[in-house]
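Heads up: the sequence shown at position 193 corresponds to 193 in the working numbering, and the numbers run straight through without jumps.
These are computed hints drawn from the structure, not numbers from a lab.
What you are looking at is a predicted structure, and each value in this text was computed from that prediction instead of being measured.
Glycine included, each C-beta is placed from N, C-alpha and C at the ideal position.
The calculated BS3-like cross-link candidates involving lysine-lysine, where the alpha carbons are at most 27 Å apart (straight line), are: (1) K211 x K181; (2) K178 x K223; (3) K178 x K200; (4) K200 x K189; (5) K89 x K77; (6) K224 x K178; (7) K89 x K178; (8) K221 x K178; (9) K223 x K189; (10) K189 x K221; (11) K89 x K46; (12) K200 x K264; (13) K266 x K221; (14) K211 x K189; (15) K200 x K266; (16) K211 x K178; (17) K224 x K211; (18) K189 x K178; (19) K77 x K47; (20) K221 x K200; (21) K181 x K221; (22) K264 x K221; (23) K211 x K223; (24) K189 x K224; (25) K269 x K200; (26) K77 x K46; (27) K211 x K221; (28) K47 x K89; (29) K189 x K264; (30) K223 x K181.
Pairwise CB distance ranges (calculated): (31) L196 x P75: 38 to 48 Å; (32) V49 x D237: 39 to 49 Å; (33) G199 x L243: 20 to 30 Å; (34) D126 x E154: 19 to 29 Å; (35) G259 x K77: 48 to 58 Å; (36) T56 x E154: 27 to 37 Å; (37) D126 x T56: 19 to 29 Å; (38) R215 x K46: 29 to 39 Å; (39) L243 x H188: 13 to 23 Å; (40) N108 x E134: 19 to 29 Å.
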Amino acid sequence: MQRPCGSGVCLSVPVKGLSAELLSMPSLCNADVHRSLSPGATGNAKKPVLLNDIETATAFISAAEVAVIGFFQEPEKPEVLEFSSLVGKIRDVPFGLSTSPEVLSHYNITINTISIFRRVDENRQDLEITDGKEMDATRMGRFIQINELRMVTEYNPVTAIGLFNSTVQIHLLLFTDKTSKEHTERMHKYQEAAELFRGKILFVLVDSNVKGNDRVISFFKLKKSQLPALAIFHTPDEEQDVLPLGEVSVEHVQDFCNGFLQRKTKVRKDHGLEEDAVKVEL
Numbered sequence: 001m002q003r004p005c006g007s008g009v010c011l012s013v014p015v016k017g018l019s020a021e022l023l024s025m026p027s028l029c030n031a032d033v034h035r036s037l038s039p040g041a042t043g044n045a046k047k048p049v050l051l052n053d054i055e056t057a058t059a060f061i062s063a064a065e066v067a068v069i070g071f072f073q074e075p076e077k078p079e080v081l082e083f084s085s086l087v088g089k090i091r092d093v094p095f096g097l098s099t100s101p102e103v104l105s106h107y108n109i110t111i112n113t114i115s116i117f118r119r120v121d122e123n124r125q126d127l128e129i130t131d132g133k134e135m136d137a138t139r140m141g142r143f144i145q146i147n148e149l150r151m152v153t154e155y156n157p158v159t160a161i162g163l164f165n166s167t168v169q170i171h172l173l174l175f176t177d178k179t180s181k182e183h184t185e186r187m188h189k190y191q192e193a194a195e196l197f198r199g200k201i202l203f204v205l206v207d208s209n210v211k212g213n214d215r216v217i218s219f220f221k222l223k224k225s226q227l228p229a230l231a232i233f234h235t236p237d238e239e240q241d242v243l244p245l246g247e248v249s250v251e252h253v254q255d256f257c258n259g260f261l262q263r264k265t266k267v268r269k270d271h272g273l274e275e276d277a278v279k280v281e282l
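Could you put the whole structure together from the sequences, leaning on the hints where they help?
Take a look at the structure:
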């Protein structure tokens with residue numbers, strides 16, 4: 001089912017169970033998105049980093065959790081100015097720009113494209129700009145915000161869409177109050193644990209102090225008195241597990257995740273779903 005919005009950048013997501021709870025939150029086209037892309041969001045105008053060769057482009061991508069590159073065959077196109085106007089308006093996201101035929105060929109670009117490169121799931125998301133398709137900075141910005149998943153992604157109605165479109169199908173949610181004096185230390189441990197499961201599990205932060213997140217908490221049958229807590233969720237079959245925590249530690253998170261992964265592996269083997277071994281003819 002496709003989630004409707006006025007952005008022109010809508011993605012297909014499975015709308016049931018937890019995804020239904022998350023995606024029925026306030027619209028993607030809410031005031032927070034507009035504020036973050038407003039002309040007054042930054043002070044001095046900035047420019048994207050020019051990527052004129054493959055080595056520079058590769059280093060640019062490798063240096064960040066999330067990197068955005070505008071690949072343009074024709075630098076005089078109006079979309080180039082629209083793209084460049086976003087630089088600095090989306091926090092903590094580096095922007096690069098390339099018109100080099102060598103770089104475009106290396107990344108298999110055949111038409112003007114905005115690409116998001118993510119370290120968390122080693123994935124790339126493309127927004128192709130076809131002729132005759134109106135594409136302004138606001139629409140580009142929404143595409144980026146939907147897909148800027150990180151090692152730890154804070155849940156909001158925008159990132160929820162990107163989470164459910166990731167190829168990583170197991171999500172770990174940490175429910176905690178960001179105003180708590182323990183929050184900084186909890187996040188340090190959670191981030192450290194996230195590095196251990198890169199490409200296997202998406203780590204998500206859910207701020208229990210945000211009223212709109214009550215529905216996510218109640219989906220896992222948790223009460224605020226039980227927080228902080230972890231909840232792990234497998235999107236295809238909606239299998240889940242919950243662990244209230246006395247404290248957030250790398251060991252607790254690692255043991256919880258490993259236990260869930262081991263159970264999923266056992267179920268697959270019991271049902272004959274493991275990948276066939278490669279047979280070599282001698």
